[in-house]
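Chains as they are written, first to last, in my numbering: chain U, 1 to 327; chain A, 1001 to 1328.
Hints may be right or wrong, so weigh each one.
Over the 10 Å line for every Cβ pair with chain A, so calculated as not near, a few chain U residues [claimed, not checked]: (1) I132; (2) A296; (3) V305.
Lysine-lysine pairs mimicking BS3-like chemistry, simulated, CA-CA at most 25 Å apart [what the hints assert, rightly or not]: (4) U:K214 to U:K125; (5) A:K1324 to U:K214; (6) A:K1124 to U:K125.
Since the hints were made in silico from the structure, they are not lab data.
Glycine is no exception: its CB is placed at the ideal position from the N, C-alpha and C atoms.
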Amino acid sequence: MTDTPLPAPGRRFRFERHASTILLLAAVTIYIALIVIMGQTRFLTLDNLVAILGRSITLGITAIGQTFAILVASIDLSVASLISAAAVVTSVVMNGDPAMMLPAVLAVLALGVVVGLVNGLVITKLEVNPLIATLGMSLIIQGVLSYYYNNFAGNVPVEFQIFAYGSVGIVPFSLVFMFVLAGCAWFVLRFTRFGSDVYSVGGNRDAARLAGIKTDRVAIGAHMICSLCAAIAGIYLASRLRSGAPWIGAEGVYDLESIAVVVIGGTVLAGGRGGIWGTIAGVIIFSLIDSIFNVAGVDAFVKQVLRGIIIVAAVAFYAARSKRPVA
Amino acid sequence: MSAQSLPHIAATQRRLFKINPVYLLVVALILAIVVMNPAFGEPTGYMNYLKRVTALAILSGGALYVIVSGGFDLSVGSMMTLTVIGSSMLASNDPNSTYWIIPLMLGMGLIVGLINGLVVSYLKVPSLIATLGMMITLNGVAFMWSGGAPRGYLPDTFRFFGRYNITDIPVISLLPVAVICLVVFGVILWWGMHRTNFGRMLHAVGDNQQAARLAGVPVERVRISAFVISSLTAVLAGVILGGRAGVSVNIGSGFELQAITAAVIGGAQLLGGRGSVPATIAGALALEAIFTLLNLLGLAQPVRLVVQGLILIGAVAFATYQRKRAGR
């Protein structure tokens, strides 16, 4: 894993390009080795593979959005509280009534768009540091939410729970949905003008502006996509938990984890380089790590400690190679 | 770029003409509180307020070191939690244990700060991620240690710093030990930041790391020291907070953001190069005064979060606007 070939003249091995694949293979190897050593081969089934992936849908959807924010050299720390807010709004507006499914989803998506728009405007027009702007937004959302709700509120009709529990064969709808969303995001980044603008703005904002790109609009757009994805993740979580509560986003640490997953996937925190499939690889790595902990029977609190260490180590794994100064 | 880098005379002259607005803000807020609640003007009123603000004020003074050096330290809240939980677990109700527990906790803070600093300086992990990871880790350690629910309580000798009031003093009638701690550590932090070579190097590193390195500043050592100071003040803040409020599992959560907010209200520049300890402590006083006002107005706890978020964004936006107008 660490023995990267030296850069030979001519054909150079681009470590950064393959790092997420290497990490993914390493995680898979450790997982399989652990299962074989512990003699629990019953975990080595297709069903179990799908189950592992299915556990990280919320993180996956959030991370797809976070990729956009990080690619434009920004960051979004408000996703966790937005997920809580989206889940609560979903379940409160639906309140068990199947007829309210569409209005609820539309309301939550609108919420996502508004939050993203405000984040983007504050960051680009008021020139507030994105960390602080989204942190402040996170406090505001969390404050408003816990002012009105302090427990599970409303409930999601059975028809809507299909989003989380329904499946085609053994593959859950939500998993298909996540991969379709990732596909769309990949298409946008790879083939549209907005996508290439995102990379230019993240790579060098001044150069992008001089090249005639409306950098502010691109950054705002990226933030809207990010918040929209967090809102969708909240809808999914409400469907899975059958109700929303104001702490579910913070409890999942989705803000930090989505950033960590994006970085593990090879997207550079300074912006401009990276992509969606790396992020998806990162999500799978994370759920594999979780499964490894479960198979090995690690205590919940120890798991938390290890998680913090792994996140930092994974970021260090990339960052130590970059010559750029860090904040 | 910053006033501190100018020659001393020029700096003092400029400061005379330009008072940091945070001091006016504190005075205005306290007047508002006194008008709404005359009991606040009594020694018990304002001394209790100062007692409440001590932990945050010391914490934000330490956090300012990291901010001036150009980073963030989000692990301080969990360090406070760990201090309180760890102390209560170790003390096992023995009043004599305080004398070794507090040094031990400071040692732990030193190690945590060192790790933060080393990870940020040498592994080049952005401080936000590094300290967020540390925050998760320390919270996990605190849970592990206490098994999820804290047992035991803190002995009175430990709680002395946060809770005890010295009574029968002329004029002010009572003086909490916490307020003495605030003054002592405030002066130490002020001295370290504004009267030593280290403080000057800290500003230089935060302002322009490359230039500082070329000028011969040991950049890594300075940044690591900043993280160590921040963690140490977190332990001190934890001791005082634990003394005042007792043991609970999430006692320190949210303090990391309050510390950053206090520094920002005090005019510190995020991502480094500018900040003042007295103004930051005034920022902490202002923040606590705002919370007190919200309480007096009968607004519920969650409103605090909203207000804090608005202040955070507003203060940074205001600072950016001012800088742009000044053409810097």
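Okay, the hints, checked on the actual structure:
no. : hint              : in the structure
1   : I132              : violated, 5 Å
2   : A296              : holds, 16 Å
3   : V305              : violated, 4 Å
4   : U:K214 to U:K125  : holds, 13 Å
5   : A:K1324 to U:K214 : holds, 21 Å
6   : A:K1124 to U:K125 : violated, 30 Å
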